[in-house]
Amino acid sequence: MTEESLRSADSAGGRDLDISARAELFATLVGGSQRKLFLYILSLVANPADAEDILQETNLILWRKFEEFRPGSDFLSWACKIAYYEVLKHRARPGKLQTGLSESTLDLLAEEARQVVQEADLRREALAKCLGQLREPIRRMVQLRYQLQVDVRQVAEIVGKSVEAVRRALHRARVALLRCIERELGRTS
Amino acid sequence: MANVDQERIWELAERACEGSLTADERSVLEGLLASCPEARRTFLHYLHLHGELYWQLGGVPSKAGLTRDASPRPTKESVAPIPHKFRSRLPLVAGVVTVGLILIGLGGWATNLFPWRKSEDGGPAVIARVLDRWQLSAQADSLAGSQRTVELPVDLRPGSVLRLSEEVVRFSLGSAVTGVLEGPAVLALEGADHLRLDRGVLTVAVGEDKVAGIRIGTPLGEVADLGTRFGVWTEGSALEVHVFDGLVRFRPREGLHLGGGHDIFPRERRIAAGEALRLVKLGAKVSLEGGKAQPGRFLHPNGGAAGVARWRQAILPEPSLAHLWSFEGWDRRVKLRDARGPLHLSEVVMFGGGGESGPDYFLQGADPSSRAVMVSRGNEFGNSRGVAFQTGEVFSPGEALTLEAIVRFDRPSSPSLEDLCVLIGTRQDARRCGFLLLADGFGQLGVTFDADLPWLELPLRMISGQWYFLAVVYRLEVRNGQAGTRVDAYCASLGDVSSGLTSIVKSAWTPGWIPAGHLGVGKGFEKNGAHAYPWAGAMDEIAIFHQALSEAEIARHFSALVGQVAGP
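Top to bottom, those sequences are chains E and A.
Quick note on numbering: this note's numbering labels position 37 of the first sequence as 37, and the sequence is numbered without any gaps.
Quick note on numbering: this note's numbering labels position 555 of the second sequence as 555, and the sequence is numbered without any gaps.
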């Protein structure tokens, strides 16, 4: 499906499309926004596994409510709103929110996160450049933490360092990457 | 940002990411986040990065550095593979949607509904990529069942099986592993870190970036990389593992017993750099033997489709190619096979005996894409001692032919002008010999077809230990009523290809013509027809064309060899 056909499908209205076209439109829209939706949810819950769970649940709700989607409007914004309710539902479960942040703080963050996620593509490109600048053995720790998705304790076991040392190293790596991303974005702008 | 304690927010964000935020820290964080949008953005950017790293790197084979390619919009043709972390949950989620779609008759593309992150390029995640491919003989015909015209690179996904006939492919697995698979071979890609080699020769180089080692299952056990370069060969009930760098762990298949006793096979064995392990299963028992690693048995994974492979690819389709001895393959029979015609070789012993040793069948060739053999030549009485090769069938030269060879000359320990080192020769009787190319003990090249006359010297003295590309064109030509051979010759040192291909002889003429007969490869014949004059050095490739190639054709072959774009 091309951008053009997508736009015309949008303007034709999701409600008026036949079921096949509607499902195809949904698949395209939801497929194209998975990463940003994941980032949005993660920035509210901090834990990737929780974010995955919430993303799955959000996808289901999106499909159920797709008829309510207003064609021509911003699908990601609409999806983020639904995802936020799923975050709140998740938070209501005992001991489920890793950050333990209050609902009022989450409200503040959610509004900001919707804007931040719109910059995701630019930040991603910048990150791709910055990753190559990480030095060993930090680079190896980042790989272990994210590529193998092992927790800090396991990374520490593998690299033979203390948990605290690995945490500090990973934090330094993230900070270095953040600074690098800002530099890259500044350069681009 | 002046009023925002960025460092403190990052620190607390780190605690949040790692799930170790205390109640006090949470309180501080909430206060900071409530203070201004800039503080919230600082916090969100940290978590955003955390998520992006998780998304980008999580279990995805990367193409460059730590990153992977940008994701195109999913298309209708996309298939939806499932990232491992989603697998347990996906049936629940996708199932609900899929069932709904099936009910409305749309199940056919249900997999398109959730094009998870690993399917963004369409189809199951690409775990490997065929980078180069080259034939070993004219019989090579397939790459995973496809035809020769398959375009590279070829993406491979979990479950792909490489079935090779007489060809070699070089592939990458993720960003840190390179492998070379030599046919006949069957290699299944079971996952990003797990291969199964049922048959063939596989060499693997694992880069330092590779975090988790790769495992290679074989019929006799599993080979696991512990940061290394190593080779595995398996055929029927035999297995060899050679380690060149680093360390490899070998775990035998369950239930294997060592021969000659009732010991249970050791549960695990580590093979260090420079070591090799050989297993042969006979009935229910397995014999186990350690030894030294032999790099010459394996092609180097980082060599690529280097010059010799490209040269071979360039000449194999040519109708005028009559015979090709490339000396590739794992066993002696395959190595001595004519890859184009019927003139297969067998070992022959010089009339003075075999000397100290036999031929060396596993030498690194002129580049990493190729292997070479070296006939043996006695330290004393070298003209009459040694072991070399001869065709089983008779060779008929016709009225024109071209010889192309990639060879190395190794000067004998006590060289003399009396030494004869024949690369290719036939003989009919005491006078009529067909020494297409020979050298004296100092590497001075020549041609002779009449044993009673001086050689036709080619103005090239080969430097000992250096690889050369040599091309000689022979035409039957009568001059002044006498039958003779017109010779045109070209050479290039592969140690310095910048000097290019040089024409060293143009239209030289020497009496006599190549007689039909068994062809000596890496040797000649004594006056009485006995095997003699073994070559001193290594032979990577030898090709015979049944017509006189033009200078342009030879230059084109040379261009393939050295990777230049052929001229008009």
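Any given hint might turn out to be false.
[Said to hold, decoys possible] Derived DEER-like restraints, expressed as beta-carbon distance ranges:
hint: 1; chain 1: A; residue 1: 289; chain 2: E; residue 2: 179; range: 36 to 44 Å
hint: 2; chain 1: E; residue 1: 129; chain 2: A; residue 2: 289; range: 16 to 24 Å
hint: 3; chain 1: E; residue 1: 136; chain 2: A; residue 2: 27; range: 57 to 65 Å
hint: 4; chain 1: A; residue 1: 191; chain 2: E; residue 2: 107; range: 40 to 48 Å
hint: 5; chain 1: E; residue 1: 153; chain 2: A; residue 2: 289; range: 55 to 63 Å
hint: 6; chain 1: E; residue 1: 162; chain 2: A; residue 2: 270; range: 27 to 35 Å
hint: 7; chain 1: E; residue 1: 179; chain 2: A; residue 2: 253; range: 31 to 39 Å
The hints are simulated quantities; they were obtained by calculation from the structure and are not laboratory data.
Glycine residues also receive a C-beta, built at the ideal position from the N, C-alpha and C atoms.
For each hint, the structure was consulted:
{"no.": "1", "hint": "A:289 to E:179: 36 to 44 Å", "result": "57 Å, violated"}
{"no.": "2", "hint": "E:129 to A:289: 16 to 24 Å", "result": "51 Å, violated"}
{"no.": "3", "hint": "E:136 to A:27: 57 to 65 Å", "result": "38 Å, violated"}
{"no.": "4", "hint": "A:191 to E:107: 40 to 48 Å", "result": "43 Å, holds"}
{"no.": "5", "hint": "E:153 to A:289: 55 to 63 Å", "result": "43 Å, violated"}
{"no.": "6", "hint": "E:162 to A:270: 27 to 35 Å", "result": "28 Å, holds"}
{"no.": "7", "hint": "E:179 to A:253: 31 to 39 Å", "result": "52 Å, violated"}
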